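**Q** What follows is the residue order along each chain.
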Amino acid sequence: MVKSDFGYNSKVEGEVIVTRADAVVNWVRSHSVWPMPMGLACCAIELMAAGGSRFDISRFGMEVMRFSPRQADCMIVAGTVTYKMAEVVRRIYDQMAEPKWVVAMGACASTGGMYRSYATLQGVDNIVPVDIYISGCPPRPEALLDGMMLLQEKIRQEGGSLRRTFRGRTIETKIVS
Amino acid sequence: MDAAALTSRFPATQDLAGKDMPTFRVAGADLLAAVAWLRDTQGFDLLADLCGLELQARPARFGVVIHLLSTTNKEYVRLHVDAADDRVPSVSSLHPGANWHEREAYDMFGIVFEGHPDPRRILMWDAYPYHPLRKDFPLAGIEVPFPAADVAEVTGQKVEPAPMMGGPFVSHGGKLSEGEPSALDQSWTEEKPKA
Numbered sequence: 000m001v002k003s004d005f006g007y008n009s010k011v012e013g014e015v016i017v018t019r020a021d022a023v024v025n026w027v028r029s030h031s032v033w034p035m036p037m038g039l040a041c042c043a044i045e046l047m048a049a050g051g052s053r054f055d056i057s058r059f060g061m062e063v064m065r066f067s068p069r070q071a072d073c074m075i076v077a078g079t080v081t082y083k084m085a086e087v088v089r090r091i092y093d094q095m096a097e098p099k100w101v102v103a104m105g106a107c108a109s110t111g112g113m114y115r116s117y118a119t120l121q122g123v124d125n126i127v128p129v130d131i132y133i134s135g136c137p138p139r140p141e142a143l144l145d146g147m148m149l150l151q152e153k154i155r156q157e158g159g160s161l162r163r164t165f166r167g168r169t170i171e172t173k174i175v176s
Numbered sequence: 000m001d002a003a004a005l006t007s008r009f010p011a012t013q014d015l016a017g018k019d020m021p022t023f024r025v026a027g028a029d030l031l032a033a034v035a036w037l038r039d040t041q042g043f044d045l046l047a048d049l050c051g052l053e054l055q056a057r058p059a060r061f062g063v064v065i066h067l068l069s070t071t072n073k074e075y076v077r078l079h080v081d082a083a084d085d086r087v088p089s090v091s092s093l094h095p096g097a098n099w100h101e102r103e104a105y106d107m108f109g110i111v112f113e114g115h116p117d118p119r120r121i122l123m124w125d126a127y128p129y130h131p132l133r134k135d136f137p138l139a140g141i142e143v144p145f146p147a148a149d150v151a152e153v154t155g156q157k158v159e160p161a162p163m164m165g166g167p168f169v170s171h172g173g174k175l176s177e178g179e180p181s182a183l184d185q186s187w188t189e190e191k192p193k194a
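So the sequences go chain by chain: A and B.
If you use numbering that gives the first Met the number 0, the first sequence corresponds to residues 0 to 176, in order.
If you use numbering that gives the first Met the number 0, the second sequence corresponds to residues 0 to 194, in order.
Among the hints, erroneous ones may be present.
[As the list claims (entries may be wrong)] Listed below are the simulated DSS-like cross-link pairs for lysine-lysine, each with C-alpha atoms no more than 27 Å apart in a straight line:
1) Lys18/B x Lys73/B
2) Lys134/B x Lys157/B
3) Lys83/A x Lys157/B
4) Lys83/A x Lys134/B
[Unchecked claim] What the simulated footprint calls covered on chain B by chain A, stretch by stretch (three residues with Cβ under 8 Å from a Cβ of chain A suffice, anywhere in the stretch; the number is not a length):
5) 5-18
6) 121-127
7) 154-160
Since the hints were made in silico from the structure, they are not lab data.
None of the values given here were measured: they were computed from a predicted structure.
Beta carbons are placed, not taken as given, at the ideal position from N, Cα and C, and that holds for glycine.
Kindly generate the complete structure, drawing on both the sequences and the hints.
**A** Right, dumping it as structure tokens:
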């Protein structure tokens with residue numbers, strides 16, 4: 000038997016669907032992830048391509064790119080994070096409202112990539128907790144969409160409270176219903 | 000381009016017999032007058048490039064190279080200036096386009112441009128203590144505090160050296176062929192203690 004979050008039986012009068020509050024909340028969240036496009040280098044071009052009609056990120060409810068962190072759920076770090084910019088990335092992350100997710104798009108955001116130098120942060124996970132890493136230099140839009148679908152999967156599996164750890168510290172967000 | 004007029008007008012000027020374009024070494028004291036003269040009488044109205052150099056063997060440690068283009072005569076001229084005591088007069092007053100080039104040369108080499116209207120760093124953050132393109136600066140970097148103290152407090156992050164050796168793009172020889180592309184051994188810049 001497949002475990003389902005939703006119970007429906009046509010014999011029950013009144014077209015009733017039974018479910019859990021978590022499942023509804025996660026369903027809503029996973030299908031309206033509003034990204035904050037943190038475009039820092041060439042990966043941002045692929046991010047823009049993913050927003051265009053050919054790849055069409057709006058199939059997943061993610062087409063609403065919010066340039067204000069107050070309105071965004073998911074920061075897509077697309078490009079090379081220099082130490083000078085790292086401060087800004089962290090500040091924008093802090094300004095986003097919980098629950099929030101971070102996608103490290105491409106080699107530079109994930110590890111520093113080919114920039115092993117005095118100027119480049121060796122992976123954005125040094126300053127913000129990252130949920131999804133996408134390989135590629137830059138990743139094709141399909142790879143970004145695959146990563147975003149993985150993120151949706153991750154959101155759907157989250158419990159009533161969002162518990163994440165970053166450098167030994169536990170960050171918890173509770174659903175108030 | 001009247002080379003004889005330039006050298007007679009500014010006697011300290013030395014013709015370096017450039018192979019691709021007329022090249023002169025100009026004294027720092029003559030620089031502003033020479034650039035103004037080239038702009039106003041010789042038609043060199045566009046500053047194409049300005050960059051810093053580190054020339055350890057020369058009398059001065061640092062130098063500046065200026066490329067000027069004449070959009071009317073379609074010709075270039077190159078000026079070398081030695082930075083005595085790491086200082087060079089700023090040409091931003093004559094060519095406003097030099098502003099950011101001079102800030103970059105200051106940021107990367109520590110060359111001070113006298114009379115610059117806005118002498119801040121342009122690539123690294125303001126509190127950064129080094130000039131990274133100097134030859135005694137290791138490519139991997141030197142550990143310094145993170146630019147923002149409050150972010151460093153939350154994340155525990157520092158500006159850390161990232162040596163090429165041990166990184167993902169360096170081959171250690173072995174079975175790879177001679178023709179196999181690999182990063183050059185940069186350990187001389189990473190393992191030698193800083194002078």
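**Q** Now look at each hint and say whether the structure bears it out.
**A** Hints, one by one, checked against the model:
no.	hint	in the structure
1	Lys18/B x Lys73/B	holds (17 Å)
2	Lys134/B x Lys157/B	holds (23 Å)
3	Lys83/A x Lys157/B	holds (12 Å)
4	Lys83/A x Lys134/B	holds (22 Å)
5	5-18	violated (count 0)
6	121-127	holds (count 3)
7	154-160	holds (count 6)
Hint 5 from the list above is the single one not met by this structure.
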